[in-house]
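Starting from the given sequences, assemble the full structure and let the hints guide the process.
From first to last, the protein sequence lines stand for chains A and B.
Residue numbers for the first sequence follow the numbering used here, so the first one is 7 and each next one is one higher.
Residue numbers for the second sequence follow the numbering used here, so the first one is 107 and each next one is one higher.
Do not rely on the hints blindly, as some may be mistaken.
[Unchecked claim] Here are the computed lysine-lysine pairs in the BS3-like style, where the Cα-Cα straight-line distance is at most 30 angstroms:
{"id": "1", "chain 1": "B", "residue 1": "K301", "chain 2": "A", "residue 2": "K408"}
{"id": "2", "chain 1": "B", "residue 1": "K301", "chain 2": "A", "residue 2": "K545"}
{"id": "3", "chain 1": "A", "residue 1": "K76", "chain 2": "B", "residue 2": "K301"}
{"id": "4", "chain 1": "B", "residue 1": "K301", "chain 2": "A", "residue 2": "K466"}
{"id": "5", "chain 1": "B", "residue 1": "K301", "chain 2": "A", "residue 2": "K343"}
{"id": "6", "chain 1": "A", "residue 1": "K346", "chain 2": "B", "residue 2": "K301"}
{"id": "7", "chain 1": "A", "residue 1": "K448", "chain 2": "B", "residue 2": "K301"}
{"id": "8", "chain 1": "A", "residue 1": "K514", "chain 2": "B", "residue 2": "K301"}
[Stated by the list, open to error] Counterexamples of contact, computed for chain A against chain B with all Cβ distances above 12 angstroms:
{"id": "9", "residue": "E38"}
{"id": "10", "residue": "S132"}
{"id": "11", "residue": "K197"}
{"id": "12", "residue": "D351"}
{"id": "13", "residue": "G390"}
{"id": "14", "residue": "S418"}
{"id": "15", "residue": "D428"}
{"id": "16", "residue": "K519"}
By construction, these hints were calculated from the structure, which means they are not laboratory data.
We put the CB at the ideal spot given by N, CA and C, even for glycine.
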Amino acid sequence: MGSLLSVTDLTVEYPTRFGVFTAIERINLSLEPGEIHGLVGESGAGKSTIGAAIIGLIAAPGYIANGDVKLHGESLRSLSADAYHKLRGAKISMIFQDPQTSLNPLLTIEDQMVETIRQHSDVSYSEARAQALALLEETGIRDAQSRMSEYPHQFSGGMRQRVVIALALCTNPDLIIADEPTTALDVSIQKQILALIRELAQTRKVGFILITHDIGVIAEITDSVTVLRGGKLMETGKTAQVLGTPQHEYTKALMAAVPRLDKRLDRFSNILQDEPDLPTPELLWKVEGASDTFATDWLLRGERQAAHDGPVLSVRDLEVTFNASGTFSWRKSEGFKALKNINLDVMPGQVMGVIGESGSGKSTLAKAIVGLVRPSAGQMQFNGAPLPYGRDRGRNHAARRKIQMVFQDPYSSLNNRRKIEDIIGEPIRFFGLADDRAERRKIVASVLDLVEMPQRAMLKYPHQFSGGQRQRIAVARALVARPEFLICDEPTSALDVSIQAQILNLLKDLQGKFGLSILFISHNLAVVRQMSDQVAVLKNGELVETGAADAFFEAPQHAYSKLLLSETPSLASIAA
Amino acid sequence: MLAYWRRVKIENELIYLFLRSPVTQVAAIVALVSVLGALLAPLIAPTNPYDLASFDLLDSFYPPSWTDQGDPRFLIGTDDQGRDLLSAILYGTRLSLLVGVSSVAFAAVLGTSLGIAAGYFGGRFDAVVMRIADVQLSLPAILTALLVDGVTRGIMPREQHEDLLLVVLTVAIGLSLWVNFARTARASTFVERNKEYVQAAEIMGLHPMRIMAVAILPNILGPLMVIGTIDLAVAILLEATLSFLGVGVPPNTPSLGTLIRVGTEYIFSGEWWIVIFPAMSLIFLIISVNILGDFFRTVLNPRLR
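Set out below in structure tokens:
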């Protein structure tokens with residue numbers, strides 16, 4: 007039993023119109039002062055529900071069906087709503103994912119902190135202000151005295167999260183629940199925030215419950231960890247032990263799916279596969295003659311470029327400027343340079359990984375290549391022929407078919423009002439790749455087979471599929487155009503790790519089968535490591551380093567690349 | 107069949123919420139009765155108010171049949187010309203609904219196409235369309251309708267104008283309603299056009315017309331349908347107002363507006379039924395359509411729930 011917090015047999019249920027849904031089932035958890043306990047699991051595992059149950063903020067109509075939560079040995083469930091409200095904030099605080107929304111944008115930092123302090127203790131304004139100042143300094147806000155009177159929007163993302171943490175400390179709590187505190191932040195800032203949390207746990211003896219989907223974060227700072235899946239507890243124990251020598255099958259599969267930074271694997275193996283369905287009519291439904299071998303043959307039948315020696319895509323001195331002129335403005339403004347001086351060559355059949363933090367211009371590069379964004383200077387060549395910019399590229403230009411793209415968010419990249427058959431069939435129809443409707447149908451069914459989806463999926467609508475399945479459909483849509491060059495813009499960042507591993511495996515298989523050249527964009531270094539032959543690092547719109555992937559990950563040259571590599575949380579830290 | 111219905115009852119959002127909202131159910135029934143009565147008027151109405159031979163001036167001013175001087179032939183009484191009021195209301199609702207639906211359809215087609223194009227292309231086209239919409243919005247709906255009616259009255263020979271009266275009325279009402287559709291369509295298109303499925307279509311080089319019609323339109327239909335239902339009530343009311351003012355349908359043609367206008371002349375002389383029954387039908391129809399529109403808005407926009 008933990009002396010700070012102990013949760014026993016906690017069960018939370020939500021009545022829905024489909025019957026009672028059990029969000030978490032018989033969860034046990036204990037915490038000592040100064041301990042950081044991680045809750046890790048994929049979406050729908052019930053991580054956030056546990057946090058909400060401890061702090062007593064389960065959203066109606068949900069309720070605690072069973073079990074108990076004890077803080078300092080005192081049961082919280084027997085408390086009245088009023089007493090709970092007093093306790094919340096005084097003893098338990100919470101840090102949310104998005105620092106943008108957890109601060110009131112209309113109040114200064116000083117107002118928000120002083121108000122919180124005076125809510126919970128009877129002190130004068132100046133005393134409260136002095137306390138707030140001390141807290142801001144403690145959480146690493148430089149020049150706190152003057153910054154206190156600023157508004158949240160004047161702080162950067164990382165600084166704002168520090169303010170949120172200072173706010174959580176205002177009442178001197180014993181327990182802080184941090185729900186994905188670093189998910190919205192770049193790796194370098196994530197590293198600093200995690201260090202701050204660790205420091206607070208040690209100096210103040212505050213217990214932390216850290217909710218995250220990122221195993222790297224868990225490995226980096228937690229003392230103990232609980233692995234959850236579908237609301238059930240899979241495995242719990244000391245972090246080094248659980249992640250180092252996992253006992254439960256699920257933990258093993260989860261660990262196998264985490265992309266490694268230290269070496270490149272051919273494929274992810276031993277990962278969690280979707281449950282093999284029983285041969286229901288659903289799965290037996292087939293379009294006549296459709297199969298994955300047909301899809302492979304059909305995709306390979308397309309005319310290939312006669313062996314061209316040089317790079318598939320070559321970019322020279324590319325520059326993209328935004329907001330150079332307004333609709334009705336008669337003065338040309340300076341604009342913002344999203345990309346400067348980009349030089350890049352992608353060789354046939356190779357994968358070029360593009361790494362960069364948010365705002366580095368990764369997506370702009372992709373959009374410039376596919377013609378969605380008009381570059382302001384530079385040249386692009388595709389298969390040795392110049393590639394026209396933006397709208398200058400005619401609708402019937404060959405590159406419209408040969409360059410295809412897989413987007414980041416599978417929830418917005420498929421048209422929700424069209425059937426899968428129409429979504430995948432659109433490129434076939436538009437590029438005239440099939441003679442009639444029946445042939446198009448056969449191709450769609452076969453390509454679905456190829457991306458490991460049941461053929462019957464073509465009769466359904468996108469909302470009937472999960473994120474991973476949607477991404478497979480998006481890959482199928484890109485594939486039927488018979489592209490030579492594929493751009494993947496963060497194709498897995500919206501997915502859980504086990505699904506990410508499946509999609510990455512699929513992309514590797516397809517790349518090998520069809521000899522595709524891929525531009526693979528990601529902020530996740532480990533994912534890029536697994537996918538790429540070549541690597542390019544972008545920072546603030548400039549290319550800081552390019553080179554062969556293996557050499558890059560062994561010994562990066564540029565200072566920024568070194569920084570990125572060292573700050574990515576990795577599983578290596580549990581060994582130490 | 108029963109099992110299927112049970113599943114639909116739970117899984118279909120619209121039906122699930124409908125079965126849990128008694129107010130909406132009552133509104134749906136009232137609207138259905140009005141629409142059916144209007145559609146089937148030639149079959150169920152006791153007399154035909156367009157047929158001059160079917161009514162007699164001697165029958166005028168009969169009160170409802172349950173009162174002392176009532177006549178069992180006329181369930182809710184007769185008007186100043188001896189027309190059966192029930193038949194007149196049924197035929198009147200028919201006309202009001204016809205004008206209402208067609209003017210909303212006109213406004214929806216005009217407004218939606220301009221709105222999607224403005225949202226998709228942006229730039230100057232967008233600026234011009236939306237400034238026109240702003241001008242339109244600063245004119246009261248009734249003024250637009252009066253203006254169109256007056257202008258056509260001026261440029262068309264009298265007989266031709268009589269023939270085209272319904273078309274003129276429809277265009278007049280439609281013109282004052284298209285702005286709602288255009289603004290909503292434009293705003294929703296702004297949101298949709300930056301989504302990745304639209305970009306995917308653009309990368310392939312699909313024609314903008316196809317992107318707008320096949321990709322964007324189905325995705326913004328929800329809010330437009332809500333505007334459609336709410337505007338239907340507005341259009342019916344506008345028709346009644348115009349007819350009441352004497353610039354809508356000719357006074358001898360029964361529509362809810364003309365009936366109310368005739369009725370007001372007699373309200374102080376004791377013949378209350380001539381105005382009360384048409385007015386009640388109008389009020390019930392408008393309220394029920396509004397409630398249905400509100401229901402659709404709640405269902406289609408989860409944030410309002």
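What hint numbers does the structure not satisfy?
-> Numbers 3, 14 and 15 - these are the hints that the structure violates, sorted from lowest upward.
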